[in-house]
Amino acid sequence: MILVDTLIQGILLGGLYALFAAGLSLVFGVMRLVNLAHGDLIALAAFVILSIGTALNLSPFVAVILAFPIMFAVGWGLQTCLLNHVLGDDILPPLLVTFGLSVVIQNGLLEIFTADSQKLTAGAIEVQSLALGPITVGVTPLLTFVSSVLVIFALNQIFYRTRLGRAFRATSDDSETVGLMGIRPNNVFAVATGIAMVAATIAALYLGIRANFDPSIGPARLLYAFEAVIIGGLGSLWGTLAGGVIIGVAQALGASINPEWQILSGHIAFVVVLLVRPRGLFPRSKD
Amino acid sequence: MSDQKNLTRLLQLFALAGLALLFLVPVIGSRALVQDLFGVLTLFILAQNWNLLAGFAGMVSVGQQAFVGVGAYAMFACVILLGLDPVIGIAVGGITAMILAIPMAFFSFRLAGAYFAIGTWVAAEITRLCFAQWKALGGGTGTSLPKGTTKTMFGVPEIKSWLGGSSSAASDALTYWLALILALATLIAAWLFLKSRMGLGLQSLRDNEEAACSVGVNPTRLKAWVFMLTAFGTGLCGALLFIQITRVTPEAAFSVVDWTAFVIFITVIGGIGTLPGPIIGVIVFYFLQRLLADYGTVYLIVLGCLGIAVMLFARRGLWGLFTEKTGLELLSLRQLPPEENQAH
Amino acid sequence: MTEPLLSTHGLKAHYGDFQALFGVDIDIKQGETIAIIGANGAGKSTLMRAITGLLKNEPDAIKLRGESIGDLSAPEVLERGISMVPEGRRLFPSLTVEENLLIGAHTRTGNGVWNLASVYEVVPVLKDRRDHPGTALSGGQQQMVAIGRALMSNPDLLLCDELSLGLAPVVIKEIYASFPTIKERGASVVVVEQDIGQAMKVADRVFCMMEGRVTLEGTPEELSREEIHNAYFGVSA
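Chains A, B and C, in that order, are what the protein sequence lines are.
The numbering of the first sequence is numbering that gives the first Met the number 0, which starts it at 0 and goes up by one.
The numbering of the second sequence is numbering that gives the first Met the number 0, which starts it at 0 and goes up by one.
The numbering of the third sequence is numbering that gives the first Met the number 0, which starts it at 0 and goes up by one.
FYI, nobody ran anything at the bench for these hints, they're computed from the structure.
No residue lacks a Cβ here, since even glycine has one placed at the ideal position from N, Cα and C.
Just to be clear, a hint being listed does not mean it is correct.
Claimed, not checked - Which residues of chain C face chain A? A partial, calculated answer using Cβ under 10 angstroms:
1. Ser67
2. Val112
3. Glu216
4. Glu220
What the hints assert, rightly or not - Derived lysine to aspartate or glutamate pairs resembling EDC-like cross-links, with alpha carbons at most 16 angstroms apart:
5. Lys55(C) / Glu31(C)
6. Lys28(C) / Glu57(C)
7. Lys28(C) / Asp70(C)
8. Lys182(C) / Glu2(C)
9. Lys55(C) / Glu175(A)
10. Lys134(B) / Glu259(A)
What the hints assert, rightly or not - Calculated from the model, a selection of chain C residues having no Cβ within reach of chain A, i.e. all distances over 10 angstroms:
11. Pro3
12. Asp16
13. His105
14. Val124
15. Gly138
16. Ser152
17. Thr180
18. Arg184
Here chain A stands alone, though its shape is the one from the complex (with noise of 0.2 angstroms):
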């Protein structure tokens, strides 16, 4: 029974890490950019909460909805007059930019919030549990993991069902023909970064009610996030939920033994899956 209920908190756990990964997902899957500052953005996007949150008097469940315009711009804009100019063949240039911004944004983010932590106040949600049987569950883990399952459902409709999705898989397939079809591949990059970032912004609504943050967490957060895209397979949404899932398990089974063992087994576990599947879970069919 113990094993069952480690499980079931590795799974949610899971959903968490899953939330953090699905917008590196979309945007390895639109134009193959390893964004090194995507931990801190979430960061960033748990201080904008917060920040509306305190500043309005709201909850952080409605917070987050005026978050989502914001961080869409921090996206879009970050793309067009950043990330635009280095993608390319090389993949030192975007790899070295998105390291810097990350420790920009870490202290720029200390700069103004200093290093205390930080957290999202829900009210009663927080500590609610919910009786599954012979389990019980908390409601926010619980929550998580089904946002965590929508947001990526979300994204594979977006990239598999709408024009908006069909030019983001066009212009990953090949960014000079989309120009023929009168799409601006910068445009289109923006737009996956914006969304992307929205993304994250849930991932940090469910960091923040969680746990404290402060703003150093983004760099260890990312790694998970990280693991969770790589051994689901580049690119493929729903297997970056199952890599997310696979690294929560794990973190969950390794802490039941020893806690100081969580991290270290999610990390080997990653190791472990690649040693066996090098492309991942699920890798798409091309790259």
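Based on the hints, put chains B and C in the right spot on chain A.
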């Protein structure tokens, strides 16, 4: 043309004079200066190793802190568990780092392109978490070198009697000289390596992997060599660093910010893919640090912005700009045509 | 003499240090079909890339109904009514046949003669295979998807780059069979071909290119075999 040659000669003379001066610093300079320059030199060693890895071999690693940490821990293990001299510990640190590089390469080489960076980062985290479990060396809280270890280590008493002053100053002088020698050795080894057949293969690989394969360069083997050799250099440097620091914790020894982030910025700002780049970068870094020391995090923001600006506007960094503007070169990797060679 | 639909004026193009076009002058009248023929490396594809905005140029080097368009980007050129079937088809592998067609109309606002229904009417086989990935089709069918995709924007001018490359003669013939319909529905057409015979059959006028220059121009009836042969291979008579 001959003007340029004279200028290049002049630059080389300056470099030699500067080097001689650097060797004399513990004799004529203050102890604070020795410690400062020790920091600069070690950062340079790390930066040059990362430059070889990322700038010349195209492997953007974010996991170099693994080798610094392993080097440091191996040195501590030699001293505390085996009672060996710390200087021997440095060598063991380098070798241990190189051994760690084997499984790490085996794993991270599976990840193509940008995901290599993530793979190395995860590997470094795993290493950190494992060392945090090593109870004999303090586990998660770390441990210190036994009192007096650095005062009696190899060469310190001799330096003390020669320079006068305290044992601590003599031990600083020793680590400083070791750092200077290691820095010089790294630079020369890098230059010789890049000039060699293997080095040429490496650079052709960076330009065009397929073409390089077709003329008989084995990319994986070559990259594995570079990965292991730079791990060796980084491990030596890590052990040396922590002799001076005298206390090791998993967080400090495997710090991604101190041993990888700074190093990346130094290399990028100075000029990635050029040998003098890290030298320029480390000088800029040092002065920025002094200039902005009172502003805390602003300094990191400035560093980040500088790195981004370099990638946007001058991908070969400050050194690249300098050679472009002046035509001067130092440690050039260009192959001279035979008749020019004979003229020398 | 009416103003040409499209004209180039001393068009030059470079790839780095390599000059690919040395002052090319061509013109296409409304409703006309012209063929541009020439050997590999004559600069035909470069000319197409310059017209569609994939290669930037001097503004005045290319004019569409008198407007200078030489420095416009590919999307801007498309908005003005020029679309292209690129060399090698360049279908999007992640998109189905139907999505490949739809993306051709991505930025179109109004209605026109070409839409999914009319493309399927001309090439019924595409309708049956609408949900297959574009790249799962045979070479000839892929080429028809590429043509359909270019038509979906209802262009005034359709550029076709090397339609017959790598295709069997019988397939080439099938593809060219759709040309009368395309012309009937109002588009002017430029075909770039190495296959001279096919080009001569559909073209009202022919330009022959060699080493980045136009070496010969005329109607298929005017031009003798020797003239074309010389212009093509550069053998002086």
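Status of each hint after checking the structure:
no. : hint                  : verdict
1   : Ser67                 : violated, 19 angstroms
2   : Val112                : violated, 18 angstroms
3   : Glu216                : violated, 27 angstroms
4   : Glu220                : violated, 33 angstroms
5   : Lys55(C) / Glu31(C)   : violated, 26 angstroms
6   : Lys28(C) / Glu57(C)   : violated, 22 angstroms
7   : Lys28(C) / Asp70(C)   : violated, 22 angstroms
8   : Lys182(C) / Glu2(C)   : violated, 19 angstroms
9   : Lys55(C) / Glu175(A)  : holds, 13 angstroms
10  : Lys134(B) / Glu259(A) : holds, 13 angstroms
11  : Pro3                  : holds, 22 angstroms
12  : Asp16                 : holds, 20 angstroms
13  : His105                : violated, 5 angstroms
14  : Val124                : holds, 22 angstroms
15  : Gly138                : holds, 17 angstroms
16  : Ser152                : violated, 7 angstroms
17  : Thr180                : holds, 22 angstroms
18  : Arg184                : holds, 20 angstroms
Checked against the numbered hints above, the structure breaks hints 1, 2, 3, 4, 5, 6, 7, 8, 13 and 16 and satisfies the rest.
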